[in-house]
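2 protein chains.
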Amino acid sequence: MEVKWEGIRSISGTSWKMRTIDWEDGAVTLIDQTGLPKEERVLKCSTVDELVDAIRNLRVRGAPALCAAGAFGVALAAKNGEDIENAAEILKKTRPTAINLSYGIDRVLEKASNGKTTEEIREFTLEEAKRIAEEDIEVNKKIGEHGAKLLEDGDVVLTHCNAGRMACIDWGTALGVIRTAIEQGKEIKVVACETRPLNQGSRITTWELLRDNIPVMLIVDSAAGYLMKKGMVDKVIVGADRITRNAVINKIGTYSLSILAKEHGIPFYVAAPLSTFDLEKEEKDVEIEERVPNELIYIGREQIAPLDVDVYNPAFDATPIELVTAIITEKGISESQSL
Amino acid sequence: MEVKWEGIRSISGTSWKMRTIDWEDGAVTLIDQTGLPKEERVLKCSTVDELVDAIRNLRVRGAPALCAAGAFGVALAAKNGEDIENAAEILKKTRPTAINLSYGIDRVLEKASNGKTTEEIREFTLEEAKRIAEEDIEVNKKIGEHGAKLLEDGDVVLTHCNAGRMACIDWGTALGVIRTAIEQGKEIKVVACETRPLNQGSRITTWELLRDNIPVMLIVDSAAGYLMKKGMVDKVIVGADRITRNAVINKIGTYSLSILAKEHGIPFYVAAPLSTFDLEKEEKDVEIEERVPNELIYIGREQIAPLDVDVYNPAFDATPIELVTAIITEKGISESQSL
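Here the protein sequences line up with chains R and A, keeping their order.
Counting from 1, one number per residue, gives the positions in the first sequence under the numbering used here.
Counting from 1, one number per residue, gives the positions in the second sequence under the numbering used here.
Treat the hints with care, since some could be wrong.
Pairs count within a copy or across copies, as identical chains cannot be separated in the list.
[Unchecked claim] Heads up, simulated DSS-like pairs for lysine-lysine below, C-alpha to C-alpha not over 27 Å straight-line:
#	residue 1	residue 2
1	Lys-116	Lys-229
2	Lys-284	Lys-230
3	Lys-93	Lys-230
4	Lys-189	Lys-142
5	Lys-262	Lys-229
6	Lys-230	Lys-186
7	Lys-186	Lys-93
8	Lys-116	Lys-92
9	Lys-92	Lys-38
10	Lys-281	Lys-230
11	Lys-284	Lys-229
12	Lys-230	Lys-262
13	Lys-281	Lys-229
14	Lys-331	Lys-189
15	Lys-262	Lys-130
16	Lys-229	Lys-44
17	Lys-116	Lys-331
18	Lys-149	Lys-262
No lab work stands behind these hints: they were computed from the structure.
Note that this is a predicted model, so its numbers are computed, not measured.
Using the sequences plus the hints, can you model the full thing?
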């Protein structure tokens, strides 16, 4: 099914009360992240098909936000009188790498199993999805409190992709740590890697930080090593899509950053909720999503490579746990060696 | 002066006899690299102003090609009856980092000093510029012969930016080594990093390799480390814009690649003509060109970052000599430690 999207409203000028993804008037509403920073539009998904399209095309993305997206998706199926088990299967298949998507879906399914009537199932699924969204904010605030202890006044923190408010319901994981540190009165500057090929760093991270008046400087991904060598980076904080026993799976480029940080003696932190952990698995058990060649051949309407070139486009990579200085969760900071 | 460019002809379907930059009918002709891979057009520069614009806007780029561009520029000034010393100054200021530009200009100026009449100066400058172009091809072929010894049948070679035919007059430095190895019957595959922000890898390297039927796979810059970890890269070969006593100055991202190669035990080679060497200088003496923020805010007409974001956009970085396994020149292969 091809979905024709029309924004239901613009978020320009609105306060941050708008969440990344939410439930409103019997539908899922979300900030369409593919339009940023140029077009600030809110979309409404009234069917699971529409939400599936939104997830596949990264209109909503980021591991914690996908947790809520999956949860709201099941609630939407229940509301529309669809088979929720079937909807759950379809939703889980949209993106293979982030564990949080399945986690959110499974939590809602479990609550649904207590429902004896269609009405109860509708009610329980929506309640649980809303609870997941609320918890995400609380969890991020706690991650922020724990992580902020690691940041000193004057730090320049390099981040990759977007592990901010726009990857969650609100506040953010990696950027949440920075927000909390700033709230505590510390002066923190952010270096944002643009994060090819979909430019979540240049499109989303810079946009959300500028809206909060947090100083941010944009660089190309390949400049990170040079900045570290010049002493322009004090710490690295990234998010995670899945944390296995031996590796952190996150946006492509994270692994390179971890090597560069080690080489320059710079702490390398991962900020993620416990729902990102999948400690029964190892790196080799996780499917790394490979996305289409066109992400490297076009940017919007601009063709930047030959149409017939071979492309290898893994969306994520795996950073060995031993390269991670510490993982910041809602329960505290764990040295990665102690997992 | 704003130059309105119109292609004088397309190079589609033409053989490779067209050089990257050449002298034709009293003007400098060049393949407009800003149009690749989509628009294959040849431009004609009849004035130094036009050539200056072409160099500044990277219509012609690559250290060895800039050597010839500077040389032809002085010849063009002489042909048009302009002050060649003044033209030389203007040309030298177009790009600060590659030493080859000054080298080409100075060689032609020296020959000009032997001219007693305007006619002789015209003749000597053009002769010398043409000689520089011819020498570049011979030099590249020799770099290819020496460098090919380092490549084995079946190697996958990762390269950054474009150090190919399109960075020179013909054949190429890093890609010249690969071309020679393939000519010798070795099977070589290339991994091309897209090379943000101007995408010389995705736009130019892939385009020129596909035209020669050399297998090439395009990746985002930040994926290089992940490919190395997966054992998908046997060697790295890059070009250079300037080689000082203690560092190789090359396209931003080269330094990160050198660290990643070391971490994974992968040889890291630099292929460059002796005209790239500036051994009286150290890294700290070289101006690293910083280019405009718009290179990260737009790709063509597509806006990919907030208009008011701070951007740090160094075009080059510096790789310490000790991270370079060997430098391949027209005189042979030198272990970097012996410089």
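Against the structure, the hints come out as follows:
1. Proximity of Lys-116 and Lys-229 under a CA criterion of 27 Å is satisfied in neither setting, with 62 Å inside one chain copy and 51 Å between copies.
2. Taking the closest pair of Cα atoms, Lys-284 and Lys-230 come within 27 Å of each other only across two copies (11 Å); inside a single copy the shortest separation is 35 Å, beyond that limit.
3. With identical chains, the CA atoms of Lys-93 and Lys-230 are at most 27 Å apart between copies only, with a shortest distance of 25 Å across copies and 43 Å within one.
4. When the C-alpha separation of Lys-189 and Lys-142 is checked against a cutoff of 27 Å, the pair qualifies only within one copy, where the shortest distance is 21 Å, while the shortest distance between copies is 49 Å.
5. When the C-alpha separation of Lys-262 and Lys-229 is checked against a cutoff of 27 Å, the pair qualifies both within a copy, at 12 Å, and between copies, at 16 Å.
6. For the homomeric pair Lys-230 and Lys-186, the shortest alpha-carbon distance inside one copy (23 Å) is at most 27 Å, but the shortest distance between copies (40 Å) is not.
7. Taking CA atoms no more than 27 Å apart as the test, Lys-186 paired with Lys-93 passes in neither setting, with 42 Å inside one copy and 42 Å between copies.
8. For the homomeric pair Lys-116 and Lys-92, the shortest alpha-carbon distance inside one copy (24 Å) is at most 27 Å, but the shortest distance between copies (80 Å) is not.
9. In this assembly of identical chains, the alpha carbons of Lys-92 and Lys-38 never lie at most 27 Å apart, being 30 Å within a copy and 38 Å across copies at closest.
10. For a Cα distance limit of 27 Å, the shortest separation of Lys-281 from Lys-230 across copies, 19 Å, qualifies, whereas the shortest one inside one copy, 38 Å, does not.
11. In this homomeric assembly, Lys-284 and Lys-229 come within 27 Å of each other (Cα to Cα) only across copies, at 13 Å, whereas the closest approach inside a single copy is 32 Å.
12. In this assembly of identical chains, Lys-230 and Lys-262 lie within 27 Å of each other by CA distance both inside one copy and across copies; the values are 15 Å within and 19 Å between.
13. Taking identical chains as interchangeable, the C-alpha atoms of Lys-281 and Lys-229 lie at most 27 Å apart only when they sit on different chains, with a minimum of 19 Å there against 35 Å within one chain.
14. In the homo-oligomer, the alpha carbons of Lys-331 and Lys-189 lie at most 27 Å apart inside one protomer (26 Å), although the nearest pairing across protomers, at 48 Å, exceeds that limit.
15. When the C-alpha separation of Lys-262 and Lys-130 is checked against a cutoff of 27 Å, the pair qualifies neither within a copy, at 40 Å, nor between copies, at 48 Å.
16. Taking the shortest Cα distances, Lys-229 and Lys-44 never come within 27 Å of each other, neither inside one copy (45 Å) nor across copies (41 Å).
17. For the homomeric pair Lys-116 and Lys-331, neither the shortest alpha-carbon distance inside one copy (35 Å) nor that between copies (83 Å) is at most 27 Å.
18. In this homomeric assembly, Lys-149 and Lys-262 come within 27 Å of each other (Cα to Cα) only inside a single copy, at 21 Å, whereas the closest approach across copies is 33 Å.
In the structure shown, a violation is registered for the earlier hints numbered 1, 7, 9, 15, 16 and 17, in ascending order.
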